[in-house]
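Participant: The primary structure of each chain is shown beneath.
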Amino acid sequence: MKAKSNILLVDDDTLYLYLMEHTIKQLTETLKVDTFTDGEQAVEFITKCTEENVELPDVIFLDINMPFLDGWGFLAEFKKLKTKIENNVNIYMVTSSMRDSDRKRAAEFEELSGYVIKPVNKVQLKEIFTKIYHENWQE
Amino acid sequence: MWKRVLKMLVGLYLPLLALSLFLYSSQKEKQIKTLSENQKRETTIKKNNFKEQSYSFLHDTHYWSTLNYPKEFDPLGKHEEFMYRYIELVKAITDYDQFRFLDLNGKEFFRAVRVAGDSVVIGNLQAKQEHAYVKAGLALKRDQLYLSQISLNRENGIIEKPNKPVIRTVAPIFDVENNQIGLVVINFKMKSSLDVLKSKVADTNVYLLDEDHRIISSSTNLEDLPYEFGDTNSTLAGILDPNINTYMRDSTFVDNNHIWSQQPIILNGTTHTFGSKSNKSSKIITPSNWLLVLEIPPRLIRASLLPVSESILTFNIISIIVLFGFSYVYQKNKIQKEEFYGELESKNLLLKKSKDQLQKNNLVVTEINNCLEIRNKQLSDFNYLISHNLRAPVTSMSVIVEMIRNEKEPEKLNQLLPKLDQVTKSITHLTEDINEYVAILDNTQINVTEIDFLELIQEVENEFTETLLDDSTFEVLVDFKAWRKLTYSKLYLQSILHNFISNAIKYKRENVSSFIQFESAYENNKKVLYVKDNGIGLNLERHGENLFKLYTRFHRNISGKGMGLFLVKSQLEALNATITVDSNVGIGTTFKIIFEK
Numbered sequence: 001m002k003a004k005s006n007i008l009l010v011d012d013d014t015l016y017l018y019l020m021e022h023t024i025k026q027l028t029e030t031l032k033v034d035t036f037t038d039g040e041q042a043v044e045f046i047t048k049c050t051e052e053n054v055e056l057p058d059v060i061f062l063d064i065n066m067p068f069l070d071g072w073g074f075l076a077e078f079k080k081l082k083t084k085i086e087n088n089v090n091i092y093m094v095t096s097s098m099r100d101s102d103r104k105r106a107a108e109f110e111e112l113s114g115y116v117i118k119p120v121n122k123v124q125l126k127e128i129f130t131k132i133y134h135e136n137w138q139e
Numbered sequence: 140m141w142k143r144v145l146k147m148l149v150g151l152y153l154p155l156l157a158l159s160l161f162l163y164s165s166q167k168e169k170q171i172k173t174l175s176e177n178q179k180r181e182t183t184i185k186k187n188n189f190k191e192q193s194y195s196f197l198h199d200t201h202y203w204s205t206l207n208y209p210k211e212f213d214p215l216g217k218h219e220e221f222m223y224r225y226i227e228l229v230k231a232i233t234d235y236d237q238f239r240f241l242d243l244n245g246k247e248f249f250r251a252v253r254v255a256g257d258s259v260v261i262g263n264l265q266a267k268q269e270h271a272y273v274k275a276g277l278a279l280k281r282d283q284l285y286l287s288q289i290s291l292n293r294e295n296g297i298i299e300k301p302n303k304p305v306i307r308t309v310a311p312i313f314d315v316e317n318n319q320i321g322l323v324v325i326n327f328k329m330k331s332s333l334d335v336l337k338s339k340v341a342d343t344n345v346y347l348l349d350e351d352h353r354i355i356s357s358s359t360n361l362e363d364l365p366y367e368f369g370d371t372n373s374t375l376a377g378i379l380d381p382n383i384n385t386y387m388r389d390s391t392f393v394d395n396n397h398i399w400s401q402q403p404i405i406l407n408g409t410t411h412t413f414g415s416k417s418n419k420s421s422k423i424i425t426p427s428n429w430l431l432v433l434e435i436p437p438r439l440i441r442a443s444l445l446p447v448s449e450s451i452l453t454f455n456i457i458s459i460i461v462l463f464g465f466s467y468v469y470q471k472n473k474i475q476k477e478e479f480y481g482e483l484e485s486k487n488l489l490l491k492k493s494k495d496q497l498q499k500n501n502l503v504v505t506e507i508n509n510c511l512e513i514r515n516k517q518l519s520d521f522n523y524l525i526s527h528n529l530r531a532p533v534t535s536m537s538v539i540v541e542m543i544r545n546e547k548e549p550e551k552l553n554q555l556l557p558k559l560d561q562v563t564k565s566i567t568h569l570t571e572d573i574n575e576y577v578a579i580l581d582n583t584q585i586n587v588t589e590i591d592f593l594e595l596i597q598e599v600e601n602e603f604t605e606t607l608l609d610d611s612t613f614e615v616l617v618d619f620k621a622w623r624k625l626t627y628s629k630l631y632l633q634s635i636l637h638n639f640i641s642n643a644i645k646y647k648r649e650n651v652s653s654f655i656q657f658e659s660a661y662e663n664n665k666k667v668l669y670v671k672d673n674g675i676g677l678n679l680e681r682h683g684e685n686l687f688k689l690y691t692r693f694h695r696n697i698s699g700k701g702m703g704l705f706l707v708k709s710q711l712e713a714l715n716a717t718i719t720v721d722s723n724v725g726i727g728t729t730f731k732i733i734f735e736k
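Line by line, the protein sequences are chains A and B.
So the first sequence is numbered by my numbering: it starts at 1 and just counts up by one.
So the second sequence is numbered by my numbering: it starts at 140 and just counts up by one.
Keep in mind that the hints are not guaranteed to be accurate.
Listed next, the in silico DSS-like pairs over lysine-lysine satisfying Cα-Cα at most 25 Å (straight line) [claimed, not checked]:
| hint | chain 1 | residue 1 | chain 2 | residue 2 |
| --- | --- | --- | --- | --- |
| 1 | A | Lys122 | B | Lys688 |
| 2 | B | Lys688 | A | Lys32 |
| 3 | B | Lys688 | A | Lys126 |
| 4 | A | Lys25 | B | Lys551 |
| 5 | A | Lys126 | B | Lys547 |
| 6 | B | Lys547 | A | Lys104 |
| 7 | A | Lys104 | B | Lys688 |
| 8 | A | Lys122 | B | Lys547 |
| 9 | A | Lys25 | B | Lys688 |
Derived coverage of chain B by chain A (criterion: at least 3 residues anywhere in the stretch with Cβ under 8 Å from a Cβ of chain A; other residues may be distant) [as the list claims (entries may be wrong)]:
| hint | stretch |
| --- | --- |
| 10 | 152 to 161 |
| 11 | 311 to 324 |
| 12 | 658 to 668 |
Worth flagging that the hints you see were computed from the coordinates, not collected in a lab.
C-beta: ideal position from N, C-alpha, C; glycine also.
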């Protein structure tokens, strides 16, 4: 198992993943980023972390529409694992859906820290990082 | 209306009429009975009075016959003094019209005739031996009295005017030595007696008849003894059938609306004790018995029944008026009620019709509503598809463009440019998929025909020939006992069946003989198609809600675009069919399709 990652990107859109990684790198070199293209892989990763007592990422950017297991499915599985998770994990729903129903559904999950609509720009990322790491994330 | 009123009136009135007629007849009978009884009593009284009168005449005569006359009695000569006080007696008895003594040869030897009031004159003596009463008188024995017929007095054979009805009594007279010396003959004036007899009670007619039914005296004849001077109304002929009243006995009867009451007065042969009871009784001899007849004419019966008939008539008139009013009101109400009910019924019918129409409309509306709901859902899905799936690459593109603008290093630029290409490719794929989807939504172009499922499945199966030949462990089973023909879009059904078979092959379990089964059924009068396989199945708890969504895939190691079931659902919904799923991991999946009518 690798060392703890700070940020987890879960999205089936590989272009989005590339662009997010790129953007985050522009902002900071200190935060380690990991990516998964569907919820199932992400759940497997987190299960493995809890099994091997590796700290979970601080932030998860979660897409809704994904194959094999979507964002909602991931959240349901995450809930099951919650008792085994020791550190604080901030999950942000990141989606291009502007549907009210999705936003409402998201509000029902207390595990969620926020709901962000694509594209995610640098300003938004800075805000989120500052909230979580205060001043400790910039070089 | 009037016919019904009349009918009801008649129905109600007839019993009343019958009752009133019955009452009238019983009243009439009663009345006649009462009248008859009264009449009978009246007749008896009159008869007794007349009898008394006759007895009083005979009593007088009896008196004269019991006197002890002197020997060689000569009332006009040597015994004038003896006669004197008797003449005073004769004067005082005003009923006496004539008082005579006749010798045994029928010649008068004393004759006193009343001239007026209480004056009596001694008349010229006449020989009367030829007269019937004289002959009968001479035949009398001791203690026998003779009473003559009532007749008009004649002098020398000529009827005395004014008419003077008289009755004669005759009795033998004896001298002191008890030798018969002659007869005493008294003429009694009958006028006042007859007047009393025929005096009317109410309008009753009274007749005194002799044995030959000749009228002696009657209330209908002005003069007595009409037959003696040839009056035509001298009998009851024409009024009463002579055959009826020939019986010489008491009788009361009704004949032709007359009430007749008749009683005979029979003195001939009877005996009577005159004066003291110790006297020897006398036998009465008379040539004629009488018949006393009382008649109540119809006019009187009618008059006596008038109050009854008047009250019954009044009752009937009032009944008719009241019943008519009642019938009219009742029938009018009834007709109004009938009309009201008729109206109600027709209104009810109308209401029922409109209710049925409403229900039909409701059904149509519900159907339309269902269609619209599905349509709405499809539109919403389409909206989502556009907003989400198209937005993602577009936003990515904007980010890349922004990066390119800020990127100075040509090396990094070269890395970014191919990404743009990736975006355009994904957009192109997306628009192609959308095109396919829109074609389904736009169902005005759907061409529906009657499709034989067995044939179509065979057709689709042929598209997989190679695949199926490769793998002999896969079978397509069919069961179309319930129904096998359906009106639907052939193109869609083809695509739907293709997707099902393709999925069943893709997701079959290894090491088992796999199959897909199509089975038709009826549920709630709707055609239902079950599509069942024994494939790897699906965790519905995890994926249920996403099963029919676009670009959703559930099996990592099996290739797929994530569009098959999405299109199946769209194609079914485009023609009002619905699809549900039941699946178990490691056992298989069953789809249920319900075709709306």
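Participant: Which of the numbered hints are not met once you compare them with the structure shown?
Facilitator: Result: hints 1, 2, 3, 6, 9, 10, 11, 12 break, sorted rising.
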